[in-house]
Amino acid sequence: MFLPITVRVEKRLEIPPWLRLAVPVCSFLVALALASAVFAFQGLNPLAIYGTTFSRIIGTRIGLSFLVVKAIPLLLCAVGLVMAFRAQVWNIGAEGQLLLGAVAAAGLALFVMPEAPSAVLIPAMFLAGFLAGAAWALVPAVLKAKLNVNEVITTLMMNYIAAKLVEYLIYGPWRGKATWGFPFTDLIPGNAVLPTVPGTGIHYPTLMLALLSSGAVFVLMEKTKLGYEVKVFGGNPELAKAVGMRPAKIIIACMLVSGGLAGLAGVGELAGVHKRLMYPESISAGYGYTAIIVAWLARLNPLACVLTALLMGGLLAAGETMRTSFSIPYASVNVFNGLILLCVVAGEVMLRYKVKLVVRRSVGHEA
Amino acid sequence: MGENGAGKTTLMNILYGLYKPDEGRIFVRGHEVRIRGPRDAMKLGIGMVHQHFKLVPTLTVAENVALGLEETGFFLPTKKIEKAIEEAARRYGLDIDPDAKIWQLSVGERQRVEILKALMRDARVLILDEPTTVLTPGEKEELFRILRKLADEGRGIVFITHKLDEVFRIADRVTVLRKGRVVASGVPTSETTPRELAKLMVGREVGYKLAKRPKEPGEVVLKVEDLFAMDDRGTMVVKGVSFEVRRGEVFGIAGVAGNGQKELVEAIVGLRKPEKGRVVIDSHDVTGRSPAEVLGLGVAFIPEDRARYGIVPDLSVAENLVLKAYRYPPFSKGMFLDVDYIRKWSEELVAEYRITTPSIDTPAGSLSGGNIQRLILARELSTTPRLIIASHPTYGLDVAATEQVRALLLKHRDEGAGVLLISEDLDELLELSDRIAVMRDGRIVGIMDASEADVEEIGVLMSGAS
Chain B
254 MFLPITVRVE KRLEIPPWLR LAVPVCSFLV ALALASAVFA FQGLNPLAIY GTTFSRIIGT
314 RIGLSFLVVK AIPLLLCAVG LVMAFRAQVW NIGAEGQLLL GAVAAAGLAL FVMPEAPSAV
374 LIPAMFLAGF LAGAAWALVP AVLKAKLNVN EVITTLMMNY IAAKLVEYLI YGPWRGKATW
434 GFPFTDLIPG NAVLPTVPGT GIHYPTLMLA LLSSGAVFVL MEKTKLGYEV KVFGGNPELA
494 KAVGMRPAKI IIACMLVSGG LAGLAGVGEL AGVHKRLMYP ESISAGYGYT AIIVAWLARL
554 NPLACVLTAL LMGGLLAAGE TMRTSFSIPY ASVNVFNGLI LLCVVAGEVM LRYKVKLVVR
614 RSVGHEA
Chain G
20 MGENGAGKTT LMNILYGLYK PDEGRIFVRG HEVRIRGPRD AMKLGIGMVH QHFKLVPTLT
80 VAENVALGLE ETGFFLPTKK IEKAIEEAAR RYGLDIDPDA KIWQLSVGER QRVEILKALM
140 RDARVLILDE PTTVLTPGEK EELFRILRKL ADEGRGIVFI THKLDEVFRI ADRVTVLRKG
200 RVVASGVPTS ETTPRELAKL MVGREVGYKL AKRPKEPGEV VLKVEDLFAM DDRGTMVVKG
260 VSFEVRRGEV FGIAGVAGNG QKELVEAIVG LRKPEKGRVV IDSHDVTGRS PAEVLGLGVA
320 FIPEDRARYG IVPDLSVAEN LVLKAYRYPP FSKGMFLDVD YIRKWSEELV AEYRITTPSI
380 DTPAGSLSGG NIQRLILARE LSTTPRLIIA SHPTYGLDVA ATEQVRALLL KHRDEGAGVL
440 LISEDLDELL ELSDRIAVMR DGRIVGIMDA SEADVEEIGV LMSGAS
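Heads up: the sequence lines are chains B and G, in that order. In this text, residue positions in the first sequence follow the working numbering: the first is 254, and each later residue adds one. In this text, residue positions in the second sequence follow the working numbering: the first is 20, and each later residue adds one.
Please keep in mind that the hints were generated in silico from the structure rather than gathered at the bench. Be a bit skeptical, because a hint or two may be false.
What the hints assert, rightly or not - For the chain G half of the interface with chain B, some residues (derived, Cβ under 8 Å), not all of them: (1) LEU290; (2) ALA311; (3) LEU314; (4) LEU316; (5) ARG327; (6) PHE355; (7) TYR360; (8) GLY388.
Claimed, not checked - Derived BS3-like pairs (lysine-lysine); straight-line CA-CA distance at most 25 Å: (9) G:LYS352 <-> B:LYS476; (10) B:LYS609 <-> G:LYS39; (11) B:LYS264 <-> G:LYS198; (12) B:LYS264 <-> G:LYS73; (13) B:LYS494 <-> G:LYS198; (14) B:LYS609 <-> G:LYS198; (15) B:LYS476 <-> G:LYS363.
Claimed, not checked - Negatives, chain G to chain B, calculated, CB over 10 Å: (16) GLU263; (17) SER309; (18) VAL341; (19) LYS343; (20) ALA426; (21) LEU445.
For every residue, glycine included, the Cβ atom is placed at its ideal position computed from N, Cα and C.
Take the sequences, apply the hints, and build the full model.
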């Protein structure tokens, strides 16, 4: 009442492009400040931790490699999820779809065509992985499209079935001969192993596919009739039906793309990282779930997923580095990751509203 | 009073605590107050009936009224309420079934629940944001009687409207807002005239009557034969309706909300399956066909429920404009959209239909009600339809937008389109229609030439008082 300045919060009609970058960056810095308190409380020097962690991840080949390798499956899954989420089809099943992609690739490399040259086998594995992931997603898609069964439940349940299927295979018919009793399959033949960037673990064919899919889904969403229908259906399903769009087609198309891309991620994990089928939780460290966050952080924009997948990959890598370099307990690493996500999500408010400091006009009756 | 976008609703939302004022002070009974939310407002005895209903669609009438009421118990929350509703409904003549779910009700019935809600809170100051827009003449009279009674009891009534006749019917004093500023404050209605207020409100003289060219009806474009349809609750509410709409004519349907008009329209455009009867557009039997097939025959549909069937709020103005045309060239080729063409075309439509929007990339949901309706009209009418089905096309619009919508409908009629106009605004029906049918209790109870019709006769047919 005494200062002639007042704070005004207004809803934005349009979001300036620079803000889309500035807000998350600022949120990130706020989170680092908050996390500092947590580390300081434990008697650690937060600046040293940040500095070392940052330089070990960004500054070293191993750190960068670790980051990118984590980001690859996240990006593939997230880009697929973007498409489903834009249609308000809540695919929680990327985890299972990823596993099925890995199963398909392993089957092909171990049993169907182990002798085929790389130039044939690797594309065939990606194709099979895509189809397997898509097929896994097709079940809940058809159930939703035809019988209106809630896809959150079905896709989630399909994850458990997928995990059990992998376990059945590695303990049962696909159990390898040279695994010293571990429930693994044998290693896939060398011609099925994805090439990596020399000196790193980055299996670049999958990385290229991931980047390509991010661009392809962007074009699909913004420049095609199908993408337009997805957006209209997601925004107002009744209106979409009223103007003659076919919900079943939209739901199924979204789920096929979503599942297929998750399947590609599974091929990458199998043939680029683990080189054999093993425990489901080793094949995918929850990428299918983490990708949900990646997709939302990207505001369901497939291009922005590249950045958010790298960010999330960086967080996973940072947690790993903090644990190994500073013996920071696992729980504190989770607090750190949680704070960052919380701040970035909370920062969204600043995108939708603007805060203005305005000088109050002098009003006659005020003291 | 004031036009859409004049700031009436914003001002009232501040009084009701929904928005915070940047500057200025509010006094209630001589004391300066700070209203942080509707709860504060209610405690101060301020009640509000919103223009856009604040109801939970999946709950019943009683449950909606019970929400936020002090006497609502944790267990059996609606037990006491139902009696009170029936009592209030009887006292105020607001006929409503306490057990009906909100989503099953027509717009008019929903409004009654809103009014009931505010009345049940025994407000000292009652704000009504355009409460009569969906009421019939009979219901309006009833409301005015209630408001008069409440005012005589010593309550203050803030009655927001852009209808001049209502101001003179009900208000003692009138304040006119234009573009967020008061242009006339607390003028006794006995000391002003409708023309003067209209001028203050719009800032220019308005033409009251649209020039309507004499009727040149062509062949039948829409034929409805003995149509029956049920509402969402499974009650037959359209009971054997037959009529024809010809090219070059406006066929108006008058009636109290909830007499089957909504279901009739939905059955014609394919949003609802008819139980019996036929719908023929040109020579195509479209009975029970999908909306896409019906609309594909060159039918423009201006829906009653604009939020539900009108726009995709999160998508841009351009994306909403292209909703019907996107499937065909030049808007798309093969599987690809021609984004550049769509943008250019959207810019043209925005200018032509005077849609006020920051840009064609603005989300349609952030536009004002009048501009959303302009957007819908631009989309529906830009394809030169042969049949236009318009449900309450000027509901909630300001003078300028109303005038524009009416002129557009007449323009298309003159160009040879058949227009089916469903409205509760009798002035509008009389002004636009060539023939007027009156619908009551699911039946057409009379069809007359607009030139021979008068308000009283229609009112009698609507209310069934004869």
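Going down the list of hints, with the structure as the test:
1. LEU290: LEU290 (chain G) check passes; min Cβ-Cβ to chain B is 6 Å, inside 8 Å.
2. ALA311: holds (2 Å)
3. LEU314: With a closest approach of 7 Å, the LEU314 (chain G) hint holds.
4. LEU316: With a closest approach of 12 Å, the LEU316 (chain G) hint is violated.
5. ARG327: Hint on ARG327 (chain G): holds, closest Cβ of chain B at ~6 Å, below 8 Å.
6. PHE355: holds (5 Å)
7. TYR360: violated (12 Å)
8. GLY388: violated (16 Å)
9. G:LYS352 <-> B:LYS476: Within the cut-off at roughly 11 Å; holds.
10. B:LYS609 <-> G:LYS39: Given pair LYS609 (chain B), LYS39 (chain G) holds - Cα atoms ~14 Å apart, limit 25 Å.
11. B:LYS264 <-> G:LYS198: Holds - the C-alpha atoms of LYS198 (chain G) and LYS264 (chain B) are around 19 Å apart, at most 25 Å.
12. B:LYS264 <-> G:LYS73: holds (21 Å)
13. B:LYS494 <-> G:LYS198: violated (38 Å)
14. B:LYS609 <-> G:LYS198: holds (22 Å)
15. B:LYS476 <-> G:LYS363: With Cα atoms ~15 Å apart, LYS476 (chain B) and LYS363 (chain G) stay inside 25 Å; holds.
16. GLU263: holds (24 Å)
17. SER309: Non-interface label on SER309 (chain G) violated, nearest chain B Cβ at 7 Å vs cutoff 10 Å.
18. VAL341: violated (8 Å)
19. LYS343: At roughly 6 Å from the nearest Cβ of chain B, LYS343 (chain G) sits no farther out than 10 Å, so the non-interface label is violated.
20. ALA426: holds (26 Å)
21. LEU445: Answer for LEU445 (chain G): holds, closest chain B Cβ roughly 29 Å.
In this structure, the hints that do not hold are numbers 4, 7, 8, 13, 17, 18, 19, in rising order.
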